[in-house]
Structures are given as structure tokens and as C-alpha cells.
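Chains as they are written, first to last, in the numbering used here: chain A, 1 to 239; chain B, 1 to 237.
No lab work stands behind these hints, which were simulated from the structure alone.
Please read these numbers as outputs of a predicted model, since none were measured by experiment.
All C-beta atoms in this analysis are idealised placements derived from N, C-alpha and C, irrespective of residue type, glycine included.
Careful: at least some of the hints might be erroneous.
What the hints assert, rightly or not - So, partial list: chain A residues that the calculated Cβ filter (under 8 Å) puts toward chain B: (1) Tyr66; (2) Glu68; (3) Val69; (4) Val73; (5) Val77; (6) Val85; (7) Glu88; (8) Met101; (9) Asn102; (10) Ala177; (11) Ser180; (12) Ile182; (13) Ala188; (14) Phe205; (15) Leu213; (16) Arg231.
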Amino acid sequence: MYHWHWGIFLSPTGTGETYLGWLFSGLGLTVALGLVAWLLALVLGAAVGIARTVPNRVVRALAGAYVEVLRNVPLMVQLFTAYFVVPELLPPELGDAVKRMNPVAQQFLCLGLYTSARIAEQVRSGIESLAGHQRSSALALGLTLPQAYRHVLLPLAFRIILPPLSSEFMTVFKNSAVASMIGLLELAAQGRQLVDYTSQPYEAFIAVTALYLALNLSALRVMRFVEAKTRVPGFATAK
Amino acid sequence: MYRFDFSILGGSTIPVLADGMLVTLEITATALAAGMLIGAALAILRGSRWRAAAWLAAAYVNLFRSVPLVMVLLWFFLVVPQLLQSALGLSPSVDVRMASALVAYSLFEAAYFSEIIRAGIASVPEGQMDAARALGMPRLLAMRLIVLPQALRNMAPMVLTQAIVLFQDTALVYVSALADFFGQAYGIGERSGRLVEMLLFAGAVYFAISFSLSLAARRLGQASPAVRGTASAAARG
Numbered sequence: 001m002y003h004w005h006w007g008i009f010l011s012p013t014g015t016g017e018t019y020l021g022w023l024f025s026g027l028g029l030t031v032a033l034g035l036v037a038w039l040l041a042l043v044l045g046a047a048v049g050i051a052r053t054v055p056n057r058v059v060r061a062l063a064g065a066y067v068e069v070l071r072n073v074p075l076m077v078q079l080f081t082a083y084f085v086v087p088e089l090l091p092p093e094l095g096d097a098v099k100r101m102n103p104v105a106q107q108f109l110c111l112g113l114y115t116s117a118r119i120a121e122q123v124r125s126g127i128e129s130l131a132g133h134q135r136s137s138a139l140a141l142g143l144t145l146p147q148a149y150r151h152v153l154l155p156l157a158f159r160i161i162l163p164p165l166s167s168e169f170m171t172v173f174k175n176s177a178v179a180s181m182i183g184l185l186e187l188a189a190q191g192r193q194l195v196d197y198t199s200q201p202y203e204a205f206i207a208v209t210a211l212y213l214a215l216n217l218s219a220l221r222v223m224r225f226v227e228a229k230t231r232v233p234g235f236a237t238a239k
Numbered sequence: 001m002y003r004f005d006f007s008i009l010g011g012s013t014i015p016v017l018a019d020g021m022l023v024t025l026e027i028t029a030t031a032l033a034a035g036m037l038i039g040a041a042l043a044i045l046r047g048s049r050w051r052a053a054a055w056l057a058a059a060y061v062n063l064f065r066s067v068p069l070v071m072v073l074l075w076f077f078l079v080v081p082q083l084l085q086s087a088l089g090l091s092p093s094v095d096v097r098m099a100s101a102l103v104a105y106s107l108f109e110a111a112y113f114s115e116i117i118r119a120g121i122a123s124v125p126e127g128q129m130d131a132a133r134a135l136g137m138p139r140l141l142a143m144r145l146i147v148l149p150q151a152l153r154n155m156a157p158m159v160l161t162q163a164i165v166l167f168q169d170t171a172l173v174y175v176s177a178l179a180d181f182f183g184q185a186y187g188i189g190e191r192s193g194r195l196v197e198m199l200l201f202a203g204a205v206y207f208a209i210s211f212s213l214s215l216a217a218r219r220l221g222q223a224s225p226a227v228r229g230t231a232s233a234a235a236r237g
């Protein structure tokens with residue numbers, strides 16, 4: 001029979017904390033990793049997504065290659081590659097610098113790049129879903145191409161892609177769990193560590209699952225708020 | 001500068017990698033088939049008039065979609081072996097990691113496929129169901145013969161896209177040290193000191209397969225304009 005022991009979370013770990021403290025430090029890392037990667041992904045993804053829709057062919061092709069490579073290689077393989085391969089391929093001084101780099105920074109870069117490719121696809125489809133006349137009319141009115149993007153195409157496109165962007169926002173926290181594979185002590189890894197230390201696997205995993213659920217609900221709330229704030233009356237967003 | 005040495009890819013390692021790829025494909029195929037079956041059941045339950053069933057199906061889908069796959073895999077590697085051992089009286093030495101992985105991926109994917117199937121069913125105009133009912137077909141029969149075949153065609157590109165995601169996600173069985181393609185490639189690289197080459201090779205293989213499938217998905221999206229009722233069919237001539 002399994003012996004339930006929920007009090008385990010309050011017992012000391014032997015390093016001056018409680019197991020609950022481990023869980024919360026893991027949650028903190030997951031949230032931080034997700035948020036920072038999200039910011040990077042949003043900026044890069046918007047840039048690459050725009051690059052996929054500009055008239056210049058070379059820029060479009062380069063942006064396309066970026067998206068395809070990052071989207072078609074599993075995130076875990078990318079993380080391992082960043083960790084084991086990239087430092088070897090760089091010039092020695094730079095490679096050593098990467099090896100000494102904080103693993104959290106490396107993971108966040110990796111997660112950010114991976115997510116940026118997915119956001120780029122959404123931005124591109126958002127811009128393409130605006131019929132060509134939006135761009136043509138903007139240019140005909142005398143806007144330059146950058147102005148047309150800034151004042152006409154992007155404000156519309158971002159509102160259109162808000163729903164898929166919202167679910168991507170929730171995905172980034174889930175994807176951060178893959179970083180536990182490289183030994184980062186985020187939420188999922190703390191859960192595993194708890195199992196090893198306490199041999200109370202069910203309590204540990206139930207607590208971690210509940211925290212992920214709570215995180216997901218909060219992310220959903222945030223995006224609902226953004227959707228409500230940015231809504232333009234009479235302008236329907238894609239479902 | 002790093003000196004590449006791809007000679008590690010040879011007669012002794014290729015069969016091992018191929019074995020790993022078989023494990024990867026077995027997980028992908030099983031999770032795809034089982035996930036779609038369970039997903040279809042969940043999608044139909046969510047639309048059912050029996051409130052409790054609809055609520056349970058929705059809870060299932062939302063729970064699995066909120067939790068990272070890594071977490072689900074850990075759960076199943078913990079729980080399923082114990083369940084199987086107590087249910088079938090297996091000795092703890094029997095390796096049930098593969099069974100656990102198959103169950104975990106199938107149940108996890110089912111949540112995502114149920115959403116795709118729900119969207120597919122919603123894309124078929126309601127008039128189709130109404131017409132079938134008016135002709136005297138029971139709901140389930142109309143669902144099976146009229147609505148689902150059209151829905152399947154509409155959702156084919158999304159199903160293929162999800163299959164690509166699933167194929168890439170199988171690399172995560174690494175948590176259980178199951179020897180899938182990635183696990184084998186990593187193991188060979190680590191033992192031979194050629195980790196750089198093996199990781200690049202693994203990445204290239206994943207890329208080649210996923211990219212060609214995603215091209216196929218794009219084609220599928222363009223080639224079969226969704227069957228959306230008679231109006232568009234007539235318009236196509």
C-alpha cells in the first residue's frame with residue numbers, strides 16, 4: 001500500500017529549506033525562463049515574420065530558412081546542440097566563453113530562438129491574411145514600406161493572430177520543461193528531485209502538475225486581458 | 001577549429017541507429033493511431049448532450065494540454081509500471097518502459113487530436129447533419145457516414161502537422177533512457193567521443209523527415225480545398 005504523506009512538503013531538505021521551497025524555486029525559474037524567452041521570441045519572431053513578407057527575395061529566403069530549421073528539429077536536439085556542439089564549433093576563446101556561460105542564459109536563448117520561429121510563422125500568416133490591397137493602398141497613399149508595416153499591416157496582423165499567439169504564450173512555459181533534460185532545476189526537474197529525495201512520488205508529481213495548471217490558467221488570464229485591451233470595435237479577430 | 005570526423009557513421013553504428021529509428025517510428029505510429037481514436041471519442045463526448053460526459057471530456061483535454069509532455073512522461077513511467085505489475089502480476093524486472101511510453105504518448109496526443117477533430121467536425125456545415133437526420137439516419141450513423149468523412153478531409157493538413165510535432169516530441173522519451181533514435185545517437189556519440197557529429201547528424205535526420213512531411217502537409221492544405229458543403233463543391237464545378 002502507498003502511504004500518503006502530504007506533510008512532506010514542510011519537512012526540511014537537509015540544506016536549510018523545505019521541499020516546498022524547492023518547488024517554488026523551480027516554479028520561479030520556469031516562470032522567469034518562460035517570460036524572458038517569450039520577450040526575445042516576440043521581438044525576433046516579429047522581425048523574422050516581417051522579413052518573410054517583404055518584397056526582397058533574398059531576405060525572404062533567409063528568413064524562411066531560419067524558420068524551417070528551427071521548426072523542424074526537436075527542441076531537445078536544439079538544446080543538446082547548443083550545449084555540446086556550439087562551443088566546439090566556435091573559435092576557442094568564444095567557445096570557452098559559451099561553455100562558461102550561465103546555463104540558464106543558454107537555455108533561455110535556445111528556447112527564445114525556438115519560439116521565435118513559431119511566432120514568425122504566425123506573424124507571416126497574419127500579414128498574408130490581410131488582402132494585398134491593405135499594403136497597396138498604404139503605399140498608394142504615400143506611406144513608405146516601413147511606415148505601411150508600422151501603421152497599417154502590423155497593428156491589424158497582430159490583432160488577427162492574438163488567439164494563436166495566446167496559446168503559444170502558454171506553450172513557452174510547457175516547453176521550458178524540456179530544459180530540465182540538460183539539468184536545469186526548473187519545475188519539472190524539482191519534481192523529479194523531490195521523488196528521489198523523499199520517495200513520495202505521488203505527492204510530488206501532483207503538486208508539480210497543480211502548479212503547471214495554475215501557471216497555465218494565469219497565462220490564459222493575461223492573454224484574455226491583452227485581447228480585451230487591444231480589441232478594436234467592429235474588427236473581428238481570427239478564431 | 002573543430003575537425004569533423006563523420007567516419008563514426010559506419011557499418012557498426014548505422015544498424016543501431018536504424019533500430020532506434022524503429023522505436024521512434026513505433027511510438028509515433030502508435031500514438032498517432034491511438035491518439036486519433038481516443039481523440040475522436042473525446043471530441044464526440046464533448047459535443048454530447050450528456051452533461052457529465054461532456055464536462056469530463058473537456059476536463060481531460062484541458063488537463064493534458066496544460067501540462068508539459070515531460071511531466072506526463074514522468075507520471076507514466078512512475079504509475080504505469082506499478083499498475084501493470086499489480087494487475088498482471090509481472091515481476092519488477094520486466095521492462096515496461098516501452099509500454100509506459102506508448103500509453104503516455106497516446107493519452108497525451110489524444111487531447112490534442114480531440115481539439116483538431118472538434119475543429120474538423122465544426123467545419124462541416126450543420127445542414128449536413130440536419131439533412132441526414134431528416135432522411136431518417138440516427139445521429140451516430142449520420143456522424144459516421146456523413147459528417148466524419150467530410151471532417152476528416154478538412155482536418156487532414158492539421159493532423160499531419162500534429163503528427164510532425166509528435167514525431168519530434170518522441171525524442172523526449174530520453175527521460176526514461178529508452179533507446180529511441182535520439183537516445184541511440186547520443187549514446188554512440190558519448191561512447192565514441194564524437195558527440196558533436198552525432199548530434200548534428202541526429203538533427204539533420206529529424207530535419208529531413210519533418211521538413212519533407214511539412215511540405216506534404218502544405219500540399220495537402222492546398223490540394224484538397226476543404227469540403228464545405230454543396231455551395232463550394234458546386235462552385236468548384
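Broken hints, by number: Of the numbered hints, 1, 8, 9, 12, 16 do not hold.
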